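Participant: From first to last, the protein sequence lines are chains A and B. Under numbering that gives the first Met the number 0, the first sequence has 32 at position 33, and the numbering climbs by one with no breaks. Under numbering that gives the first Met the number 0, the second sequence has 417 at position 418, and the numbering climbs by one with no breaks.
By construction, these hints were calculated from the structure, which means they are not laboratory data. Among the clues, some could well be false.
What the hints assert, rightly or not - Taking lysine-lysine pairs in the DSS-like style, the calculated list, with each CA pair at most 25 Å apart, reads: (1) 202/A / 339/B; (2) 370/B / 388/B; (3) 202/A / 149/A; (4) 336/B / 205/A; (5) 462/B / 406/B; (6) 33/A / 17/A; (7) 345/B / 466/B; (8) 243/B / 345/B; (9) 463/B / 202/A.
Predicted model only: the values in this text are computed from it and were never measured.
Listed below are the residues making up each chain.
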Amino acid sequence: MRILLVEDDSTVRSFILKGLREAGHVVDEAGNGKDGLFLAVSENYDVVILDRMLPGGIDGVRILETLRSQQNATPVLLLSALADVDERVAGLKAGGDDYMTKPYAFSELLARVEALGRRGRPETTPQTKLAIGDLEMDLLSRTVKRGNEKIDLQPREFRLLEFLIRHAGQVVTRTMLLERVWDYHFDPQTNVIDVHVSRLRQKVDKPFSTSLIHTIRNAGYILRAD
Amino acid sequence: MKANGSFSFKKVMHWPIRSAGLNFAFGYGVVFVLSAIFCLSFIWWNTTGQLDRSVQAAVQIDARDLQQRWLHGGVEDLTIAIQDRLDQNVEDDELYLLTGPDGRKYAGNLPGWPVVIGNTNKFYELTIRRDGLRSQAKLHAYHLSAGYQLIVGRDIKGRQLVRHVLTDTLIWAGVMITLFAVGGALVIRRIFRQVVHSIVRTTSAVAQGDLGQRIPLVGNETDLVAHTINTMLERINRLMDGVKQVSNAIAHDLRTPITRARTRLEDASLHAFSDGELRAAIDRAISDLDHITSIFEALLRIAQLEAGARRSAFTVVELKPLLENLYEFYDLLSEEKGIKLNLRIKENGCVKGDPQLIQQAVANMLDNAIKFSPSNTEITLTSWVEREKVRIAVIDQGAGMPPEDIKRASERFFRAESSRHTQGSGLGLSLVQAVVNLHGGTMELSNCSPGFQVVLSFLVMNKKERKEVV
């Protein structure tokens with residue numbers, strides 16, 4: 000993916016840059032709002048990562064608003080030290096697609112950026128069936144089959160699996176699951192998400208020879224057919 | 000507009016008296032003097048008018064009587080009548096003059112016909128000289144038949160007297176009022192100073208850092224101000240205490256994980272021999288830092304809630320689906336730990352609030368309950384409506400909490416001695432408390448043998464209110 004990173008702190012910027020490049024992405028960088036805005040409007044990117052507070056008068060939200068006013072629909076991930084819910088809402092209202100607060104784990108950032116990049120590619124027809132490896136999911140009849148065996152899932156397990164399949168091949172973090180599957184925006188003190196995923200695993204992976212759901216240490220999960 | 004404003008400001012600036020008490024008294028004095036002048040003028044005008052009218056009436060009655068005499072008895076009779084009256088007039092205020100066609104004086108006490116009197120249809124007021132004395136008189140002339148003319152009048156020295164008395168009164172009243180105004184001004188300024196002084200003393204003590212000071216209430220109108228300031232100080236005090244408590248807590252409870260992370264990194268930097276060891280140390284330090292971050296976030300969130308923000312996101316929250324979702328979310332976790340989680344919703348109550356915050360509060364309660372419950376026990380998440388209140392309760396069968404800890408359980412970073420070794424930050428219940436406060440609800444913690452229960456109460460919303468919000 001072609002990614003633009005606008006971040007004023009050089010340590011953070013070079014770290015993210017290194018990480019994204021290691022993950023195989025092409026990344027352009029800008030250290031202030033002016034350069035960021037110039038690059039964002041003149042080049043084509045799959046995802047833009049914007050720091051909210053930037054020096055030099057043009058902050059992240061301004062860049063975002065300018066982009067959106069030019070009918071540029073590039074997915075934008077806002078990064079900010081402002082964790083305030085109101086700030087979050089302001090960022091999303093200005094046209095942001097996702098919002099992350101500092102400090103963050105790089106794995107979380109990467110997972111979210113990749114999820115955004117995929118969202119950027121429009122789906123031509125609404126999908127009724129999802130599949131990965133020998134796992135099939137029928138969204139209309141809400142049935143799940145692996146090979147020839149039918150798997151019974153609770154409604155929430157079904158949503159969880161659906162989310163994982165839709166993001167197959169990408170790391171999905173616990174926070175993302177919490178937000179997207181349960182619509183919870185808090186940090187549970189306990190490992191609830193792990194328990195839910197392991198329950199799903201019991202049904203989807205345990206009876207079969209190969210496993211699809213993999214744990215990524217310090218990050219989250221990935222659904223992979225290999 | 001602007002010029003006008005600056006002009007009036009200048010005018011105020013030029014006013015020499017800076018004391019509010021003096022100005023107050025001065026204004027009061029001016030009003031007092033003006034009203035006194037108005038009152039006395041009215042009395043003067045009314046009294047003299049009344050005197051005038053009574054003089055005129057007396058003159059007219061007198062004249063009619065004398066004209067009758069003239070008709071009956073002619074010059075002789077009239078002369079006698081006038082002479083009689085003058086003789087009987089003890090006060091010496093009646094004036095008469097009867098003249099013949101040739102201008103000769105027949106009777107009366109006026110020395111001669113005053114030149115100004117020509118008309119017979121109006122009263123003349125003039126200064127006359129009589130027995131060597133000047134005095135003011137009111138006179139009326141009458142034509143009798145055959146060229147005879149009569150003047151009837153009254154000396155109005157009395158009215159002059161009244162005027163003098165009233166003028167004197169006015170002057171003296173003015174002097175007295177001025178004296179009173181000045182004296183009053185001093186007294187009022189003193190009172191003013193005393194009143195303001197107690198407020199000033201307290202507020203300046205507070206400004207210098209003594210937040211314990213309160214303005215004494217004395218029972219007059221200034222109590223309104225004093226009470227407001229006291230309430231404000233109370234709130235500031237509470238906030239300051241909160242800040243102090245938090246900063247102490249931060250100093251104590253955040254230094255520990257920060258030190259731990261630092262030690263790990265330092266240790267790794269000095270003693271790690273292999274990449275694996277180094278990585279493991281760094282990973283552990285990162286998770287320590289994540290823990291610190293989560294504490295920071297929880298603290299900020301609590302502070303934000305306590306500052307009263309986020310009311311804008313309030314809407315109608317239906318508790319039943321919200322609790323059902325949370326039940327479903329936590330059911331697996333408790334099962335994993337061998338605890339049975341029960342859900343009992345007796346009635347679907349609605350509250351006005353922020354669904355995300357209520358979710359988080361209940362989640363914290365469930366987190367706690369699951370954390371502190373031994374296996375093979377039950378936890379009940381329940382909700383019911385009782386006397387206009389919706390209650391949400393989480394009841395476990397754990398060891399409970401000593402009563403002295405219950406009081407402090409919602410303090411930030413408070414952790415019961417027995418739970419020191421468990422994972423957590425001691426902010427869970429503080430956040431629940433903050434959420435509950437923001438919603439105007441209450442949180443009660445109590446032991447129920449065996450076990451522990453947390454009950455949240457919120458004001459229930461009826462259908463009408465629900466419609467208004469939606």
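Participant: Which earlier hints can't be squared with this structure?
Facilitator: 2, 5, 8 and 9
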